[in-house]
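**Q** These are the residues of each chain, in order.
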Amino acid sequence: MQNDSVGSRLGMWLFLFTELMLFGGLFLLYAVYSNRYPAEFSRASKELSTIMGSLNTVVLLTSSLFVVLAVAGIRNNKPRHTVAFLLATIACAGIFLGVKSVEWSEKYHHGLFPNTPTLLAKPKGEIVFFNLYFTITGLHAIHIIIGAIVLGIITWSVYSGKTSSNDYVSLENSGLYWHLVDLIWIYIFPLFYLVVP
Amino acid sequence: MTMESNHHLNFLAPQPDRSWLGSWIFSTDHKRIGILYLVAISTFFLVGLCLGLLMRLELIAPGGIIMGPQTYNALFTVHGVIMIFLVVIPSIPAVFGNMILPIQLGAKDVFFPRLNLLSWWLYMFGAGVAVISLFTGGGPPDTGWTFYVPFSTMTKSNTTLSVFGVFILGFSGILTGLNFITTVHRLKPSTTPWMKLPLFTWSLYFTAWIQVLVTPILAITLLLIILERVIGLGLFDPTKGGDPLLYQHLFWIYSHPAVYIMILPAMGVISEIVPVFARKPAFGYRAIVFSGFVIATAGSMVWAHHMFVAGISDTAVMVFSFLTFVVAIPSAIKVFNWTATLYKGSIYLGPPLLYALAFIFLFSLGGLQGLILGSAGTDMHVHDTYFVVGHFHYVVFGGAIFGFFAALHYWLPKMFGRLYNYEWATAALFLKFIGFNLLYFTMLIMGVQGMPRRYYDYLPEFQNLQVISTVGSWILAAGIIMMVINLFYGMRYGEKAGDNPWGGATLEWTVSSPPPAENFEGEPVLTRSPYDFKDIKAPHAE
Amino acid sequence: MTDNLNKSYMSYVFIWIILLCLTALTVFCSTLQLGHPAIWIALTIATIKGSLVLLFFMHLKDEQSFIKYAFLVALIVLAIFIGLTFFDVLYR
Numbered sequence: 026m027q028n029d030s031v032g033s034r035l036g037m038w039l040f041l042f043t044e045l046m047l048f049g050g051l052f053l054l055y056a057v058y059s060n061r062y063p064a065e066f067s068r069a070s071k072e073l074s075t076i077m078g079s080l081n082t083v084v085l086l087t088s089s090l091f092v093v094l095a096v097a098g099i100r101n102n103k104p105r106h107t108v109a110f111l112l113a114t115i116a117c118a119g120i121f122l123g124v125k126s127v128e129w130s131e132k133y134h135h136g137l138f139p140n141t142p143t144l145l146a147k148p149k150g151e152i153v154f155f156n157l158y159f160t161i162t163g164l165h166a167i168h169i170i171i172g173a174i175v176l177g178i179i180t181w182s183v184y185s186g187k188t189s190s191n192d193y194v195s196l197e198n199s200g201l202y203w204h205l206v207d208l209i210w211i212y213i214f215p216l217f218y219l220v221v222p
Numbered sequence: 002m003t004m005e006s007n008h009h010l011n012f013l014a015p016q017p018d019r020s021w022l023g024s025w026i027f028s029t030d031h032k033r034i035g036i037l038y039l040v041a042i043s044t045f046f047l048v049g050l051c052l053g054l055l056m057r058l059e060l061i062a063p064g065g066i067i068m069g070p071q072t073y074n075a076l077f078t079v080h081g082v083i084m085i086f087l088v089v090i091p092s093i094p095a096v097f098g099n100m101i102l103p104i105q106l107g108a109k110d111v112f113f114p115r116l117n118l119l120s121w122w123l124y125m126f127g128a129g130v131a132v133i134s135l136f137t138g139g140g141p142p143d144t145g146w147t148f149y150v151p152f153s154t155m156t157k158s159n160t161t162l163s164v165f166g167v168f169i170l171g172f173s174g175i176l177t178g179l180n181f182i183t184t185v186h187r188l189k190p191s192t193t194p195w196m197k198l199p200l201f202t203w204s205l206y207f208t209a210w211i212q213v214l215v216t217p218i219l220a221i222t223l224l225l226i227i228l229e230r231v232i233g234l235g236l237f238d239p240t241k242g243g244d245p246l247l248y249q250h251l252f253w254i255y256s257h258p259a260v261y262i263m264i265l266p267a268m269g270v271i272s273e274i275v276p277v278f279a280r281k282p283a284f285g286y287r288a289i290v291f292s293g294f295v296i297a298t299a300g301s302m303v304w305a306h307h308m309f310v311a312g313i314s315d316t317a318v319m320v321f322s323f324l325t326f327v328v329a330i331p332s333a334i335k336v337f338n339w340t341a342t343l344y345k346g347s348i349y350l351g352p353p354l355l356y357a358l359a360f361i362f363l364f365s366l367g368g369l370q371g372l373i374l375g376s377a378g379t380d381m382h383v384h385d386t387y388f389v390v391g392h393f394h395y396v397v398f399g400g401a402i403f404g405f406f407a408a409l410h411y412w413l414p415k416m417f418g419r420l421y422n423y424e425w426a427t428a429a430l431f432l433k434f435i436g437f438n439l440l441y442f443t444m445l446i447m448g449v450q451g452m453p454r455r456y457y458d459y460l461p462e463f464q465n466l467q468v469i470s471t472v473g474s475w476i477l478a479a480g481i482i483m484m485v486i487n488l489f490y491g492m493r494y495g496e497k498a499g500d501n502p503w504g505g506a507t508l509e510w511t512v513s514s515p516p517p518a519e520n521f522e523g524e525p526v527l528t529r530s531p532y533d534f535k536d537i538k539a540p541h542a543e
Numbered sequence: 050m051t052d053n054l055n056k057s058y059m060s061y062v063f064i065w066i067i068l069l070c071l072t073a074l075t076v077f078c079s080t081l082q083l084g085h086p087a088i089w090i091a092l093t094i095a096t097i098k099g100s101l102v103l104l105f106f107m108h109l110k111d112e113q114s115f116i117k118y119a120f121l122v123a124l125i126v127l128a129i130f131i132g133l134t135f136f137d138v139l140y141r
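In order, the protein sequences belong to chains S, G and C. The first sequence finishes on residue 222 if you use the numbering used here, and the numbering steps up by one all the way, no holes. The second sequence finishes on residue 543 if you use the numbering used here, and the numbering steps up by one all the way, no holes. The third sequence finishes on residue 141 if you use the numbering used here, and the numbering steps up by one all the way, no holes.
To be clear, the hints were calculated from the coordinates, so they are not data collected in a lab. Not one of these hints is a red herring.
Lysine-lysine pairs mimicking DSBU-like chemistry, simulated, CA-CA at most 30 Å apart:
id: 1; chain 1: S; residue 1: Lys187; chain 2: C; residue 2: Lys56
id: 2; chain 1: G; residue 1: Lys109; chain 2: S; residue 2: Lys187
id: 3; chain 1: C; residue 1: Lys110; chain 2: S; residue 2: Lys187
id: 4; chain 1: S; residue 1: Lys149; chain 2: G; residue 2: Lys157
To give a feel for the contact side, a few chain G residues facing chain C, derived at Cβ under 10 Å:
id: 5; residue: His186
id: 6; residue: Val213
id: 7; residue: Leu214
id: 8; residue: Ile218
id: 9; residue: Met302
id: 10; residue: Ala305
id: 11; residue: Thr316
id: 12; residue: Ala317
id: 13; residue: Phe321
Keep in mind the model is a prediction, meaning the values are calculated, not measured. Backbone N, C-alpha and C fix where the C-beta goes; we use that ideal spot for every residue, glycine too.
The shape of chain S in the complex, shown without the other chains:
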């Protein structure tokens, strides 16, 4: 029964829909608040570093490439390629989280964090912007961590031969998860780093 990889992937896609809706609730809030406070949103977004944001976008897009190459590798019965690509993906996850933590701690040192006096002294629209920024990127970072752990397990499973060209749906599914995390970032990036009316 479990050998039906089409079914397993279907289950995974359904799970991805739930992830989409999870972030969707936050995007709904973003839509409403950015509509209410357009000027504040654009001013606040200037305090985020476009360079850092772009860098992380490139890192995540690259990690997505590595994942899809890993899947292509195992399809063509090259488990060693797959292991290498997966390790590269996990390295990208590490870089992403590193950049992210630099960003967060920089903000934190400027007193910009939910419920700090500095933040609360700002106009309301900017408070909302930063609250949304920390919530969405925080939730996203948690997904990156989970994804990296899952990919780590899969790497071991490929390395030890448990996941092979005969049955690699678990690799495909964790790859799908990783791509979705990337996909969400593709929207987070312009919405927070590039808002310029």
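Put chains G and C on the given structure of chain S with help from the hints.
**A** Using the frame of chain S, we list chains G and C on its own:
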């Protein structure tokens, strides 16, 4: 050889290679998991029932009788949380969906059996967290089951933990839904056309879709409540630029479709029972399927009718009021189809059909009250009164839970292989029906007269109706106890049911009762439509 | 065999290059003072990038059509939720 003989054992038979407890709580057999849910959900139902009875007892006279106001606030909150999240939402899908769906479909199990077991564990874990929240921190939550901001972010009661419990329960529901959708798509025998699936399967399929698509919205909303409480985030806090109404939007984006998560499976149960007991094909099979689809989609677009007096825009009031009226159409289609199925049928008034009829009556009443609430003008008058309380009990209790009772009486003989006493079942139903209407119809009247909901105390002029309502709660509880005893007794000592006690035509009636561990030998081939009763003898017809 | 492999590797690398170009484009657009349409341009580019990831990296183009439709359904549902909420917030 041993493997071979195991196939024929029924799923309840002891498994000698495992401990008794282990053979249940670690079983991936969908039928055993169904029973696990049945035990857990029934227990929580009885707990919630007791809380409800205590509330009614407190309200038998104005002023404090057996508790203080804070306890009363905790009671209606915990009653709501238990009944909504632990009982009604999972009830039919988790118990009968698990038990029956794979067999009806012709499969050996659900598509992800281990995930199914995980769902049950998540359910128990979430329930455990919710229960722990009652006895730790600042005491049981007192926000009402809706956890509205700003109160839920400020109250000293232990709301954080109970919200977290509900968050976990959401995951359990999502995984069950995901599992059912995949099961229907991948394990439906290729010889079975979609339009020959039983209506119960269809209803679970649509329910699963709602669960998968809207539950995550609840999850993120609850997470934001936790973040507001723990780190003072403030996305719903006006002093920090937030908008509390957006909490209500997000909450009802989930919680209104949740009403359809509760009612659609019950409608599925009724759609199974009515044709079998009328010995006629379901009238308008396609219309019933299609109306299930319309309920699922339109029902997801009406949420703001809970917010008519909360300060949303007039435009939104008009739009959502209109959409609410639209949902009434598919619900009515189902009711018409059931009655049309009964028309000129060869009706046998067995207990399952009586329960189904009670469902149709109570649900229709509840639905009509919904129209009163859905039209903005009248809603202004009765909003947040007992009318609302009465209305949603007609729908959720009279609808979903009576549907659950109907399913119990219909499928219990299949699950345990024994019959219960029909006279007792009928008597219990009458008690419940009378008690139910005394309890909740009086609430409708009080609501129109202006009795606000969630109040600990009331003006003396309401006392007569409050007393009738409380007495109704006792009659209802007596009926439920009678039903539980009858079902328990029947399950253990009742007459053998045989494979097909009602003369049903769907696949679950072709296997033995209780079903064998593997359900079928090989892939079953459908020989008839689900409601084609030709040549099937109804045992009661003799 | 190896040729095939390299071909499929290269096709993914090609998509990746397009994605990087689109990222550069959206950053570039944000430096032009375009005013109100800027956000829609940014979202359009993001959607193109997202579609590339979905279709090629997530192999949605090779999936059974049911998953394609279901994905659309999920997006439409989210759009409806956001859209209907705006009946409230826009006219309040």
